[in-house]
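Q: Counting from 30, one number per residue, gives the positions in the sequence shown under the working numbering.
There's no promise every hint is true.
[As the list claims (entries may be wrong)] Cross-link-like lysine-lysine pairs, in silico, DSS-like; alpha carbons within 30 Å at most: (1) LYS307 / LYS250; (2) LYS89 / LYS420; (3) LYS339 / LYS89; (4) LYS169 / LYS394; (5) LYS169 / LYS339; (6) LYS339 / LYS394; (7) LYS89 / LYS397; (8) LYS169 / LYS420; (9) LYS397 / LYS339; (10) LYS250 / LYS394; (11) LYS169 / LYS89.
These are computed hints drawn from the structure, not numbers from a lab. All values derive from a computational prediction rather than experimental measurement.
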Amino acid sequence: MHDTADTPVAETGCEDVPASNSRRGFLKLAALTGAAVSVGRRAWGQMEVPYYAHDLPDEKLIDMYRTILRIRWHERTQADQMLTNPDYRGYNHFYAGQEAVATGVCANLRNSGPRDQLDLVYSSHRPSGHAIAKGVDIPKMVAEMDFRATGMNGGYGAEMHIADPDVGFAGADGMIGPAPVIASGSAFAFRARGSDQVAVVFAGDGNYAAPHFHSTLNNAKLLDLPLIYVCENNLYHQYAHYSLSCPHEDIASAAAAYGIPSRTVDGQDVMQVYNAAKEAVERARAGGGPSFIEAKTYRYYNHWGAPGAKEGELGAFGYDPLAITSFRPERELREWMQRDPVDICRRVLVDWGVTDEAGAADIEKEVKAEIEAAFEWGLSQPLCNPEDGLKHVFAEGTVPARQFG
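Start from the sequences and build out the full structure, keeping to the hints where you can.
A: What follows is the structure in structure tokens.
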């Protein structure tokens, strides 16, 4: 473990941070400006800026690393299935590249226990990462995304509508916009019941241009709802840069205009996300109202599916036939991949003495085997029957099958 104040500071990724005359001053400045800094754990005791992740037990930190890896290898394995398995029916809006956001937020939430005490997470696009971070059964999610009868929603939800109330994953709505409104409804219910539960919604930068964004924030502030809005700003809507529909460089400034405590963080660094989410969750539980977190991040694959990807390789490059263009520069993608959430988390844990490089490699090997087993089980399950689509239309009874025409 690096214990002394002379521990070298890792690269900040923020070249324009002005120089400081002291290590303590530099670290404080870096924390305030959102720069990613890795230091020895005892050295943080000299700082005035809170860095809550530093105080987590080793087991919790390792669990966060495992979560990031589970999301990463689920996405990579599913992409390979889409590319190589002609019988595979599933698809996904891949979350690879954004793993630190869901992991850092959900590590602060209640993810197990009685349903009426769980914190709720709402998702829109890219729900697999949010679901895994919230603790869903991954084999059942794999089965669900391939329309298998034993999937977590009986094979009817597939990717865009997966949900698991047993861990507080309220589900994905499959549309751009409504999720924040629905999440605020749950937050209102928590406040009305006098519960200290919180509702979290993950939404992309594209949600800014939807009226739901503004109505949600307005009502959340007026009613002091225990709502945490996490904007995953990966720079692109579907195939258009967010600047084409948003006049703000930082979307968090739009939330701040409603009087809501707002933070912009490095979404590639799970520790920064964890720190911001901890403050937001504690504020909500104490009756302090909503918070807004904008995580600057990047997706490694295209908007959906695996166009431009190759089996066994991470990311999608070049021409996307769905966009009819190469809508983002390959250099931009490769630059973001140099600040990979997996690498950043691993380096921090090694620097803090939580594990070493060999231990981190063993953890990744274990997670890869876990995901391989999940896909083997999920894709061996029976497909759902077409006639079963008439089930669950009504709370009681069934709809009789009949021919039309």
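Q: What's the verdict on LYS169 and LYS89, does the C-alpha distance respect the 30 Å limit or exceed it?
A: holds, 24 Å
Q: Taken at face value, is the distance from the CA of LYS420 to the CA of LYS169 at most 30 Å?
A: holds, 20 Å
Q: Checking one constraint from the list: CA of LYS339 to CA of LYS89, max 30 Å. Satisfied?
A: This hinted pair is violated, its Cα atoms lying about 34 Å apart.
Q: Against the 30 Å threshold, does the CA-CA distance of LYS169 and LYS339 hold or violate the hint?
A: With a Cα-Cα distance of about 26 Å, the restraint between LYS169 and LYS339 holds, given a limit of 30 Å.
Q: Could you grab the alpha-carbon distance between LYS250 and LYS394 and see if it respects the 30 Å cut-off?
A: Given that 30 Å is the threshold and the Cα spacing comes to 45 Å, the pair is violated.
Q: Does the structure keep LYS89 and LYS397 at a Cα separation of 30 Å or less?
A: holds, 20 Å
Q: Holds or violated: LYS397 with LYS339, Cα cutoff 30 Å?
A: With Cα atoms ~18 Å apart, LYS397 and LYS339 stay inside 30 Å; holds.
Q: Starting from LYS339, check that the Cα of LYS394 is at most 30 Å away, please.
A: OK: LYS339 and LYS394 at ~21 Å, within 30 Å.
Q: CA of LYS169 to CA of LYS394, is that 30 Å or under?
A: holds, 21 Å
Q: Next pair to validate is LYS89 with LYS420; report whether the Cα-Cα distance is within 30 Å.
A: violated, 41 Å
Q: Taking only the CA atoms, is the gap from LYS307 to LYS250 under or equal to 30 Å?
A: holds, 19 Å
Checked against the numbered hints above, the structure violates hints 2, 3, 10; every other hint is satisfied.
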